[in-house]
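*Asks:* Those protein sequences? They're chains A and B, same order as listed.
Position 312 of the first sequence, counting from 1, maps to 305 under the numbering used here, and the rest follow consecutively.
Position 5 of the second sequence, counting from 1, maps to -2 under the numbering used here, and the rest follow consecutively.
Treat the hints with care, since some could be wrong.
Copies of the same chain are indistinguishable here, so a pair counts whether it falls within one copy or spans any two.
To be verified - With a straight-line Cα cutoff of 20 Å, these simulated EDC-like cross-link-like pairs (lysine to aspartate or glutamate) come out:
1. Lys790 to Glu752
2. Lys811 to Glu734
3. Lys808 to Asp751
4. Lys151 to Glu572
5. Lys811 to Asp751
6. Lys597 to Asp541
7. Lys177 to Asp106
8. Lys151 to Glu170
9. Lys282 to Asp252
10. Lys71 to Glu155
11. Lys819 to Glu804
12. Lys808 to Glu752
13. Lys77 to Glu66
14. Lys790 to Glu720
15. Lys790 to Glu3
16. Lys413 to Asp484
17. Lys47 to Glu615
18. Lys205 to Asp732
19. Lys790 to Glu719
In case anyone wonders, no lab produced these hints; they're calculated from the structure.
2 protein chains.
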Amino acid sequence: MSEKWVYLFEEGNAQMRDLLGGKGANLAEMTNIGLPVPPGFTITTRACVYYMEKGGFPTGMWEQTLEALGKVEERMGKKLGDPKNPLLVSVRSGAKFSMPGMMDTVLNLGLNDESIKGLIEQTNNPRFAWDAYRRFVMMFGNIVLGIERRKFEDLMDKMKEEKGVTQDIELTAEDLEKLTQQYKELVKGEKGFDFPQEPLEQLRMAIEAVFKSWNNPRAIAYREKEKIPHNLGTAVNVQSMVFGNMGEDSGTGVAFTRDVATGEKRIYGEFLFNAQGEDVVAGIRTPLKIEDLEERMPEIHDQFVRICEILENHYRDVMDIEFTIERGKLYILQCRVGKRTAQAAIKIAVDMAKEGLISKEEAVMRVDPADLDQLLHRQIDPRAEVKVLAKGVAASPGAAVGKVVFEAHKAAEWGKNGEKVILVRPETNPDDIVGMLASQGILTARGGMTSHAAVVARGFGIPAVVGCEAIRIDEERNLFSVNESVVKEGDVITIDGSTGRVILGEAPLIEPRLTDEVRELLSWADSFRKLGVRANADTPADAQKAFDFGAEGVGLCRTEHMFFGEERVPYVQKMILAETTEEREEALEKLLPFQREDFIGIFKAMQGKPVVIRLIDPPLHEFLPRYEMLLEEVLTLRLSDPDSPQLAEKERLLQRVNQLRELNPMLGLRGCRLGILYPEIVKMQVRAIFEAAARLAKQNFPVHPEVMIPLVGHVNELRYLRSILEEVAKEVLEREGVDIEYHFGTMIEVPRAALTSDEIAKEADFYSFGTNDLTQTVFGFSRDDAEGKFIAPYLDKGILPHNPFEVLDREGVGKLMKMCVDDARKVNPNIVIGICGEHGGEPESVKLCHEIGLDYVSCSPMRVPIARLAAAQANLKTEVFEDK
Amino acid sequence: MSEKWVYLFEEGNAQMRDLLGGKGANLAEMTNIGLPVPPGFTITTRACVYYMEKGGFPTGMWEQTLEALGKVEERMGKKLGDPKNPLLVSVRSGAKFSMPGMMDTVLNLGLNDESIKGLIEQTNNPRFAWDAYRRFVMMFGNIVLGIERRKFEDLMDKMKEEKGVTQDIELTAEDLEKLTQQYKELVKGEKGFDFPQEPLEQLRMAIEAVFKSWNNPRAIAYREKEKIPHNLGTAVNVQSMVFGNMGEDSGTGVAFTRDVATGEKRIYGEFLFNAQGEDVVAGIRTPLKIEDLEERMPEIHDQFVRICEILENHYRDVMDIEFTIERGKLYILQCRVGKRTAQAAIKIAVDMAKEGLISKEEAVMRVDPADLDQLLHRQIDPRAEVKVLAKGVAASPGAAVGKVVFEAHKAAEWGKNGEKVILVRPETNPDDIVGMLASQGILTARGGMTSHAAVVARGFGIPAVVGCEAIRIDEERNLFSVNESVVKEGDVITIDGSTGRVILGEAPLIEPRLTDEVRELLSWADSFRKLGVRANADTPADAQKAFDFGAEGVGLCRTEHMFFGEERVPYVQKMILAETTEEREEALEKLLPFQREDFIGIFKAMQGKPVVIRLIDPPLHEFLPRYEMLLEEVLTLRLSDPDSPQLAEKERLLQRVNQLRELNPMLGLRGCRLGILYPEIVKMQVRAIFEAAARLAKQNFPVHPEVMIPLVGHVNELRYLRSILEEVAKEVLEREGVDIEYHFGTMIEVPRAALTSDEIAKEADFYSFGTNDLTQTVFGFSRDDAEGKFIAPYLDKGILPHNPFEVLDREGVGKLMKMCVDDARKVNPNIVIGICGEHGGEPESVKLCHEIGLDYVSCSPMRVPIARLAAAQANLKTEVFEDK
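Here chain A stands alone, though its shape is the one from the complex (with noise of 0.2 Å):
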């Protein structure tokens, strides 16, 4: 016998879109429901993969195909073809995902010169038959036969110029009549033969083209960019034809179970008296609301709105309703889940979890968490009219008003004056650093999502829109053009980092919040998680917004951001540049107040919960002015000036410089081996960390410190390092009279660190994984080099599946991470362990942390919501799929 290729709608279900494609499986299951559809059947997705490999249908196939198509004659009481009472059919197709507008579809199939009497008689109508018929032959002819559209509509034009007429709609009976035939004269003209009288013969060639559009062009194209495979093959639904435009007691429309647009519960549709779906996707006329037809036809109404109901408690999901009413009978067309905004998202799962519709669990899983980073961010008020200059890349969410300035040194300079600033560069690099964290916003002329300041702009949270190639920056003039507007230095424009677009002039922004819904969702998710979440807190206020976003502990505070600031720059360089350990710790001595007065601030914020401080990190140049920069002021006052008084001092800097660069800073004297070859840096900071400790815990006020020292590879830098400032702390506290529960841990950011995780855990308290530095070790990457240079043509070319500074690489870092995780777990039990790189707010990565057995996260403040989420889902995910 041979395989089942065809499947009337009653034969199938919502769990077939395999098979039947997601239109035929959601056709088969609301057949089986009972909502009115019009009868119909799937020819599957196996026969078209068939058709595809082979060449022609399987065998059986089309006997299938006519014994279903009997039955739906028998159902409807029409014959395909019959000139008395013809069946007329739609033909579309249908895969397993949806690739919108991408193959093809035959409507009003089964007309032919004969039929179209039937329908005549039939309809009363010779109008509205002879519309449908021209409607078929054109759509035969383009998409079956491959003429194009063009030469259709340029018949239909000159019909118009001929009548005096301007609108379709105008022309009559007879000037459809007469455009048919010419529209058949064109098939002929073009083909070299007649157009396919033959109802089943239509049929299948509709069929094979549909088959066919699969591997067209532009599917193709879309398929590669949605990652879907190009194996799956398309199902063919052939379904019966109803009309929306048989008169005033007709219409069509589409409609969402709930406002996919703010989630709130009601019926939210548009559709059209006396119309085609075409014509309400048109736009041509102004559609009604749902509400409208409760007035015309309350019956069919209250019909439409059962079936919603039915629907959405069917599937437990908001649905998006394709429906038509032929002659006052409703018929559902079409039903699928409904696209939604963020907002509406999560008001929908919320509610319908209130409702009893979904569980918790499932309100948690049904929000992208992505979702919730579009409401965390500043946002341009959606009702306002703003005037859009040009249109960059999205890189970092989020709107920001300023004024325009063109260089770094500037924004930093108006920043410290209160000015709100917009940096304007072509590209940034290392040196505008101090004038981008000055700054609103950052727009940049070249550069992509990996480019210098996206990256550092979402490191920070500031909002950003880089390779905006339509502005012209002159930095000469100090303006920046666009077409013919000019922006000058000053001007005020609006960025927003979500969209990409650039706005002249102020727009008004709204403030981001976590709505109620937010909340509650985030609460259940709280309870679904295992995994914690923490915050990378530099500052007292970061440390305030992530405590008020929900994080239950900073789990990283970089302290090299606070050798930055005025007053402390000048200490800062001193420090460097001393010649004699006094030197230096005369320097440090200065710089402690700073720091502590900073940990008093973040514990504060923090009311007790952990506070992981990384000691210093990075190699000591970067906090001295750049080489290169000194080498032009050096060569320039020598050939300039060369009795100036600067030039020996700028040679003396220069040279120190010179010491002090590296071939590979990021491999270079950083991390722990600074704290070993300069013990006093560290112990300075770990006597500011006690000693604003012990301040705040003379006051009773709860306090937990952290120490993590960075970049270990071997057990003995953890095991020197913790010696010396463990003995700085219990001095500290000793002196101070207090008693506080402190930890000492390192980051994991090399490869050896983990590898020897058996040794190093035995040492540590805690471990947080620096995935950046650990993923540029573990692949290779320097990522201020890889991501300018060779990751995009890595992603295009299909060599990497994702930026792995975005997204934790599974197989690499990932196993390393489990391997670190499994050993040190094994020599000590207790060893709390979190991720701070940015991965830590990244959905997959926490799904990747949850389940190698990681004990919390940490992302920057607004993330946090995001990792809750994430977490959640996470855990939820691998209940879910325990078993497989």
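Position chain B against the provided structure of chain A, taking the given hints into account.
*Replies:* Just chain B now, kept in the frame of chain A:
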């Protein structure tokens, strides 16, 4: 019952080194094989450890000491302190590991104001007796009581002055008696108590002093340096004294059972009649040869020769023996395995194996691979008289003669003209490479074993002396000076990179050669090893040398060196600066013939053995001028000669170099990343390889090319390039109509490659560990920065046991390599795995490579013999210690 703390010599054996120390164990062994050893006993190291911990003797130790002493007295027929017939003993330290001169010894113990009489009576030699007593008081006063030795010597000097004599020997018995009295008064004055007269009290105090000497500062420092654990403790040997200074029928000496300088089989020793051991060492009288003994005391001579034979046969090695003849009776005081020169070690091992004394396996195990290194470089003829100007760090072995040059570019120029030059620099940097390569040797004033100069020199086998701080370089005047000597540019010097000597003028050199013994030993080694040994060779000359030294293939041929060379550089730069693929291909087309010729030469030298050719690896900017240099030129031109036609060109070059340069070039656009972005470069290389191979194959010359794709971290990189490149290979072979066995593989040099070995091995025919880069990425150490900045302090502080760039890191890198090998073999059992990092020629690392199951190591040609020996030892060690 109490622990056994004291062993009579009869009770111990050579295996008891842990408990009895090296000296005690050997004394026991000799006693038991019937050699004439003066009776005595050993107090265990455990007693010392107890003493150090508890501050007193363990219970029972003193009682056991007295008991053992009683037995010695019985055997000798004398009693300690007996006024008639006194026993004298020596009390010496003796630890498990020899610590020459680090701890203390007391001789002649048992003398006091009573027993001196007995000694006089026994010997009938008052002068001898009083000399013995005054020596004992001094030694005891100094070592046990802590009185400065100088104070005793002052008294001796005063006595000689009074007596108007200059030599000790000229003092009479009376003088010495008086001196003894003065010494005792000195003790009383210094300590407030009389010199201990009670012999047992003397013994107790001496034992305590020896225990304490384990922790004297110089002993601690020595153990730090030699990495001997501090908790071993020393044993104490108490032995009856015999005297070689009892007249002309007495004597004392040291001997080796073979000539430890040359390895010749003849007893080599020195002795003096009527003398004490210290007289031989002091070198006041010219010692006699063993042959002289034959004449004067033929029986003793024969007995001694017999004893030498017995000892060699018993210990199966060359022995270092101390002996004394007391009144015509021979005593053996100590024996240990004799230290020997490299040359002797090899000859002795080979000879003994041939004599059947040891097995060939043992012979192979007896030679330190480092010894081979000494023999494989040019040496300064040891017979020549040379003027040593200064000594620096011996950084790269071998001697070199040449004219002094102070600038790298000049060295390159002179070198090109056939001059032999020694490049002398304060220190070197990567810009100096070309000049360094053109030099016979390198001398720097600054830097250590890990400085740039040292590393590069070792890498290229160029002799180097670095950190020679005694030389003062005056770069402006083109000279250097050492004290009064001035060496100008063009003057000839000789440097010895094996000893660190800098010599004025041309010293005669001896060419290295593999002696017959070395060849024989290596051929035995070959039969015992499982690891293959290949060589790293970039040129036909290197390949030839490698072949001659026994390399079984080329494990790494770096192709980028083939881009240097005067005729090539312009095309290389054109290739890099090309703005289109076509331009680049044009330049590559010119380079192809050069590379092809190089490959032909290497294939020929290797005679069909496998040749692993690594495709281009370094970042392209390494082939262009340095950014800073260009910047300086451009700035200077801008200010001094803004209309210069060069300026625009330099600016363009500067811009391009700026685009190409990277923040962390080690982790940047290099290796396979280059090949993926610019496939035309690697396609040219593969074409050159296969055209070369095809040409030879047509002449029936066997060839075996293996193409190595560097820096792969993701299987897709390898898959992508392999498919492109294998196509090129097939094209060439098809066009040329030949069939050649070839392989494609990859270098494992980033952790991700090792971590995902189960994927990568499916696409690779072979792996080669690039442990230089793998060490960099596993540790997160940039070698260039680490070796100059923090490796040395890390070694000093004991944070790292070795420089991991010299000795492969077992716990981290080694563990990862093992995982990688195991995972690879699981999916591809035929994969061939080697190592081509510098570690491939370092014995410890070779051992690790053997243990983790590599197929071969590859090292510089000069190190091939070392690797052959080390590989054999690794295998023999594994076999011997299999059970551990």
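*Asks:* Within a copy, between copies, both or neither: where do Lys790 and Glu720 come within 20 Å Cα-Cα?
*Replies:* between (54 Å within a copy, 18 Å between copies)
*Asks:* With identical chains treated as interchangeable, where does the CA-CA distance between Lys790 and Glu752 reach 20 Å or less: within a copy, between copies, both, or neither?
*Replies:* Between copies only: 19 Å across, 40 Å inside.
*Asks:* How do Lys47 and Glu615 come out at 20 Å by Cα distance, when the copy is not named: within, between, both, or neither?
*Replies:* Close neither inside one copy (63 Å) nor across copies (53 Å); limit 20 Å.
*Asks:* Give the relationship of Lys151 and Glu170 under a CA distance limit of 20 Å: within one copy only, between copies only, both, or neither.
*Replies:* within (14 Å within a copy, 145 Å between copies)
*Asks:* Pop the pair Lys811 and Asp751 into one bin, within, between, both or neither, using alpha-carbon distances up to 20 Å.
*Replies:* both (13 Å within a copy, 16 Å between copies)
*Asks:* Between the shortest in-copy and the shortest cross-copy C-alpha distance, which are at most 20 Å for Lys413 and Asp484: within, between, both, or neither?
*Replies:* Answer is within; shortest intra-copy Cα gap is 11 Å, inter-copy 68 Å.
*Asks:* Is it within, between, both, or neither for Lys77 and Glu66, if the alpha carbons may be no more than 20 Å apart?
*Replies:* within (13 Å within a copy, 140 Å between copies)
*Asks:* Treating 20 Å as the Cα threshold, decide for Lys808 and Asp751: within, between, both or neither.
*Replies:* both (16 Å within a copy, 12 Å between copies)
*Asks:* For Lys177 and Asp106, with the copy left unspecified, which applies at a CA distance of at most 20 Å: within, between, both, or neither?
*Replies:* within (11 Å within a copy, 143 Å between copies)
*Asks:* Given identical chains, is Lys205 near Asp732, meaning Cα to Cα at most 20 Å, within a copy, between copies, both, or neither?
*Replies:* Result: close neither inside a copy nor across copies, 76 Å intra and 42 Å inter.
*Asks:* How would you label the pair Lys819, Glu804 (within, between, both, or neither) given a Cα cut-off of 20 Å?
*Replies:* between (22 Å within a copy, 17 Å between copies)
*Asks:* Since the copies are identical, ignore which copy is meant and state whether Lys811 and Glu734 lie within 20 Å (CA to CA) inside a copy, between copies, both or neither.
*Replies:* The answer is neither: 28 Å in one copy and 40 Å across copies each exceed 20 Å.
The structure does not agree with the numbered hints 2, 4, 10, 15, 17 and 18 stated previously, though it agrees with the rest.
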